[in-house]
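Undergrad: Which chain is which? The protein sequence lines are A, B, C, D and E, in order.
Just so you know, the first sequence maps onto residues 1002 to 1282 in my numbering.
Just so you know, the second sequence maps onto residues 1002 to 1282 in my numbering.
Just so you know, the third sequence maps onto residues 22 to 281 in my numbering.
Just so you know, the fourth sequence maps onto residues 22 to 281 in my numbering.
Just so you know, the fifth sequence maps onto residues 9 to 315 in my numbering.
Don't take every hint at face value.
[What the hints assert, rightly or not] Ranges between beta-carbon positions, derived for each pair:
hint	chain 1	residue 1	chain 2	residue 2	range
1	D	P36	B	I1254	33 to 39 Å
2	C	E134	A	A1262	51 to 57 Å
3	C	D117	D	E204	47 to 53 Å
4	C	E134	A	I1254	54 to 60 Å
Honestly, the hints are just simulated from the structure, not real lab data.
All C-beta atoms, glycine included, are put in the ideal place defined by N, C-alpha and C.
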Amino acid sequence: MTLHRGILKQVAPLLWSVASLSIFVGLWEFAWWRGWADPLLLPPPHIFLANLSEQFRFFDPNGDRAGALSEGGSIWSVLGVIGWTSLRVTTGLILGFVLSLMTGLAIRYFRIFGKLTLPMITMLAPISPVAWIPVAVFVFGIGNPPAIFLVLIAIYFVMTLATLSLIDNVPKSYVQLARIMGCSKRQIYRHVILPAILPDLFVTLRMNLFGAWMVVLIAEAVGVGSGLGQITMMARNTFNANLVFLTMTLIGITGFLFDQALKLIQRKVLWWIGPGNPGGI
Amino acid sequence: MTLHRGILKQVAPLLWSVASLSIFVGLWEFAWWRGWADPLLLPPPHIFLANLSEQFRFFDPNGDRAGALSEGGSIWSVLGVIGWTSLRVTTGLILGFVLSLMTGLAIRYFRIFGKLTLPMITMLAPISPVAWIPVAVFVFGIGNPPAIFLVLIAIYFVMTLATLSLIDNVPKSYVQLARIMGCSKRQIYRHVILPAILPDLFVTLRMNLFGAWMVVLIAEAVGVGSGLGQITMMARNTFNANLVFLTMTLIGITGFLFDQALKLIQRKVLWWIGPGNPGGI
Amino acid sequence: MLGLSIKDVSKIWNPGGPDPVPAVSNLTLDVAPAEFVVLLGPSGCGKSSLLYIVAGLEQPTSGTVTFDGLPITEPSPERSLIFQEASLYPWLTVKDNVTFGLKINHTAPAKREAAAQKLLKLVGLGNAGNKRPHELSGGMRQRAALARALAMRPKVMLMDEPFAALDIQTRARMQGHLLDIWESSKASILLVTHSIDEALALADRIVVFTSRPGRIKAEITLDLPRPRDLRSPEMVDYARRCEALLAEEVERAFKEQELA
Amino acid sequence: MLGLSIKDVSKIWNPGGPDPVPAVSNLTLDVAPAEFVVLLGPSGCGKSSLLYIVAGLEQPTSGTVTFDGLPITEPSPERSLIFQEASLYPWLTVKDNVTFGLKINHTAPAKREAAAQKLLKLVGLGNAGNKRPHELSGGMRQRAALARALAMRPKVMLMDEPFAALDIQTRARMQGHLLDIWESSKASILLVTHSIDEALALADRIVVFTSRPGRIKAEITLDLPRPRDLRSPEMVDYARRCEALLAEEVERAFKEQELA
Amino acid sequence: AGLTTIKATHGAGLCNLGIFLAKERKLTEADGVELDFVVTPTTTDVVTLFGAGMVDVSVIPYSNFITLVDAGAPVKMVAGAGVEGCILVAAEGIRSAADLKGKSIGTFQADTLEVLAYDYMAAGGVSFADVEIKYFNTSPEMAAAFVNGAIDAVCHIEPYATQCLEQRAGSTVLTDGLDIYGQGYADCVLAARTQLLEDNPGAVKAVIKGMMVAQQQSETDTAKALADTAGIYYRTSLEALTLAQFRQPVKIDQRSNTQFFADRSASMKKMGYVRNDLPPEAVDWSLLDEVIAENADLYASLRLKSA
Ligand SMILES: Nc1ncnc2c1ncn2[C@@H]1O[C@H](COP(=O)(O)OP(=O)(O)OP(=O)(O)O)[C@@H](O)[C@H]1O
Ligand SMILES: Nc1ncnc2c1ncn2[C@@H]1O[C@H](COP(=O)(O)OP(=O)(O)OP(=O)(O)O)[C@@H](O)[C@H]1O
Ligand SMILES: [Mg+2]
Ligand SMILES: [Mg+2]
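Using the sequences plus the hints, can you model the full thing?
TA: So this is what it looks like as structure tokens:
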């Protein structure tokens, strides 16, 4: 009985996810069935998921030339492509996270530095990664580096500003206490501000994970010549809606898994915001 | 004496901004002067800001035909273009904010609804606005609606997830107190959770403002045929680096002003997180 | 059965975890309507835990709590709780915090305003109505929380050291107001305090807890009219008894942890 | 001049704002090295504000504060402050909270561990070292904060109602420990309390504040050996005097706000 | 007043000159049609809008037309637009298809440029699998990548091809398409929605005729034609434009290219972009035939034509 319940509790989230997806898919299929959704533009899942092997041949794990010729074709090549894209996302994300955290801390730590850089960062923040492409190509040439750079750019400014806002919202009493205990400025940042902002910073990171996934699709178009972004681009160029939606599905699933992984890490690393602050109702 | 100091305090941020920009521009000009930055790809400010009237003629306020001869040309047409883009950003942002807030609240409020929609939203979140273009075009045709839709899409999922995370972090004691005072579930959301998350939600909105600015450049490509994004695209297609950077400058300044405005609103609306919680040091 | 009835209640924190903490153990206690019960006990013995359970904010690990015969499963404005750490909503002024419960039950604004005026004066915050919570001193915050609870006119008042941050004179005033309100409303009161004098001044019955896990060590019924003269020999005697009971428990608790 | 010297200090909150609050007014007070001064005063009279200024967390609106002749401009571990509301870092265990100051001044881990063990046992939290702050009861949190302050061995100890959340027995124990530490370290202590008994048990000198804005109403010097018998006629007499002084001020404060 | 509005998308290259002139000089209005351009930044968006039926006619690279048809979009080719002008430039030391082995080539994906590279190598007996293809999104970046040495060869159009040649020392033209495709091979074509062809063939004829007039005007006064469009649609210098126009002239009558399209469709099938050969009915010259028949004088005055 309790065993049963334990298992049920384990699989419940999975069941809900399946139910959730089913509804979404159901509505889509319905729209197609009623003729509202043109299958040329919005093919429903049963169409774009049919004939997978036919589609898989566009996935070339080496990524030299997605699309042309059929070197790909197996599930492994699909995983290979996803892996490459994930790698770019992850690298850009980690770099962006570290750099923005460091910048954010430095801006508040070194007053003058902060006053000099903050207006610049606020102005650079709204500039689209698309507009950075020439800079990326100029500085990094083609291949992985510009793609990673674009992912980094896309999250760096926003994360820096988020870090600043988190630092500014650290409860006054935490800092006062630290000063009473004789913390130097450096120690306050190291021992109080950093742990105090870490939980929310993780949430910000999770939000930016999605941003990074969004940008990688654009970035991969810039001479990387592989990855899910490049396949999407090719699919759009050749008006292959099935492939567009298959790729979107893969992106969605991968992004979802990334998010779940990050959630897990968050729960392990930030144990102190576990049971004490469940909020909600 | 005090009057002097008062004025100084007023203009100090401005001076810092100017200093900040000067450094940035200085480094760039230096790179150009040393020949590190190819003026064809990365023209320094004194080049791309020269001959403004020549550039301004690409700004056609009606937006039928970016770059059309002599229809643009005045500072007014430039402001017109910026205005149109800002309008799209603002509309998308407001719609996205309201919709995501409502979705976030609904997901936590209606348990079943939440369990059914959350996995879907998490999967749709990482899909790039670029990939949504076909859907936008199919549903909204061409013109402003698809551009606004893309801005909305770009922030909607992320903001929804941010809202959820904020709701989950509302201090337990706030909710307990409300329950003790006899709040119904509806009242808890209305009178406790909403005001408790509002300050951070505003911060999230500010972060997403930058996201929205990023996306509008892509979005305006989709048959809107006007706006800063379209001009950037045209400039890139015609290898007009001067115009690219001029447009980026305009985007930066406008985004900066937007951010300042939002900060001001935030300070007015959310008075209770004023002096009590200045954090920082 | 009318009134509050706590039957064989136990509470274990982190029950499944590596380090479960039994906070309350097989506790049985009835509070009659209009009875004023004061809980005394060593720090960390489970008093707050018990109040949370009675308020309906926490579920007991075993045992039942009923009010007027009905099991308590969730909080209700009938049973107000003053938290040990006064928590006011930072986005409301002091006045709005005090009348929060009235707003929730749709009291008209004019009535709310009147109630706020009266209650704020009662607790000595007549001038602080428009202040924000972070501008108050510790004692002022606690008084605001008190005013908020009094505004609700509940049937059961659960109070977790409501006067701890107040000086002795202000405390005496607040005790007086509490007794007035209690007598006119005939609510049941379950009040936690660390002040034996306070317990003696207020209680119909004093319940002394053992150290953790909290069980009832002794009950002292004080069938005496109020106001009471705490310097009377009878009262001094009661005080001595309470002190002795507590001393035993505190002694035991410290011994235990030193051995561990 | 050695020791703490508060000269003509005033503190106005929101000085430029629409509703400035004078919290402390022209207050002058010297605390000699190794002197134990207790502050008594009505709730909201400015005691915490004064401690914040002495700690260096707030600047006085006018007047100066010096320690050993040097003006106080910022906090220092020489002058520890126990806040009125115990605040522990949620991301540290109780033990790490207690030894936070030691970690900051680079005490070796082994020494820290030993200090933690000793201090935690002293305050009766020997078993709670690995708990997280949110798992503690109100009184336990306050004791943890006390242990943290004691770990620092400061020259001046500023304590804002450090025992308010403790039962009378635990409180007596803590007072005993505090006196031991004070005597061995010869630190100056400035302690705020609402308990007249506590003041009488501990103080070399009791300073009674007026109601807001806080000024010194009276000073009572107690040149008596410790431990003191609070039931002796002399002590009862002192207690009556303190009570009367406070009563006047509380009376005045409530009158004022009722008229407003 | 009373004009039928035809929504059109176009690219950025010189093969669009015909439709640009038709629009700027209002050459279609005589036949009661007004052109309304929907601006798109990349061919990708042209494909999206045209395939989604949001625009009526489009000047589009034949490669994208072929993929559109293969995907099932209801569109038909009704006339030509521009010919030639695809150029494969390679760095020093690369002289033949065989030299390209193991080298990187930049191109747009599923574009006429990629098809040219493929066919060139196929003709030289080199498999596409032996080279590294790098895909780009915009012309300037692709040119910059070649100039900077990030890629060894590039398939580009004018004026970028010349830029590539001039700015990277030692580079040579491997092919300009003429050697493998012959004179007058297609680049961009004019396509229209099938529905529109049924509902209002007159309007499409008006567009074809307008573009034919534009071709005639551009042939007689190239300088003026370029000057009229330069500020609006092209941002390069007039001399670069003139050179480019010379390499990639307007040619509306491409009836002779019917087999060419079939062959290229076969190439694209081998490349994996389409599953089926281009169905013959996708290329529908009937309206073009009618325009030619109705405007014999105009047709006779054209320099480039099939017959
Ligand atoms: N941060 C602040 N901003 C504005 N006003 C404040 C602030 N802190 C305290 N005050 C005001 O200053 C006065 C004195 O407050 P303080 O906290 O010093 O009192 P206290 O003597 O410690 O009282 P208690 O015994 O209740 O803790 C109060 O009227 C309070 O409202
Ligand atoms: N949320 C919680 N999670 C885990 N343990 C808890 C929690 N709350 C309380 N405890 C534990 O339960 C025991 C009793 O705590 P409780 O707060 O009920 O004590 P208390 O009698 O109110 O003490 P005090 O007088 O110090 O406030 C303590 O050992 C405490 O560590
Ligand atoms: Mg408690
Ligand atoms: Mg205080």
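Undergrad: Please test the hint of 51 to 57 Å on the beta carbon pair from C/E134 and A/A1262.
TA: The hinted range 51 to 57 Å holds for C/E134 and A/A1262, with Cβ atoms some 54 Å apart.
Undergrad: Would you say the C-beta atoms of C/D117 and D/E204 sit inside 47 to 53 Å of each other?
TA: holds (49 Å)
Undergrad: Verify the CB-CB distance for D/P36 and B/I1254 against the hinted window 33 to 39 Å.
TA: 37 Å Cβ-Cβ, so the 33 to 39 Å window holds.
Undergrad: Holds or violated: 54 to 60 Å for the Cβ distance of C/E134 and A/I1254?
TA: holds (57 Å)
Hint compliance for this structure: no hint is broken.
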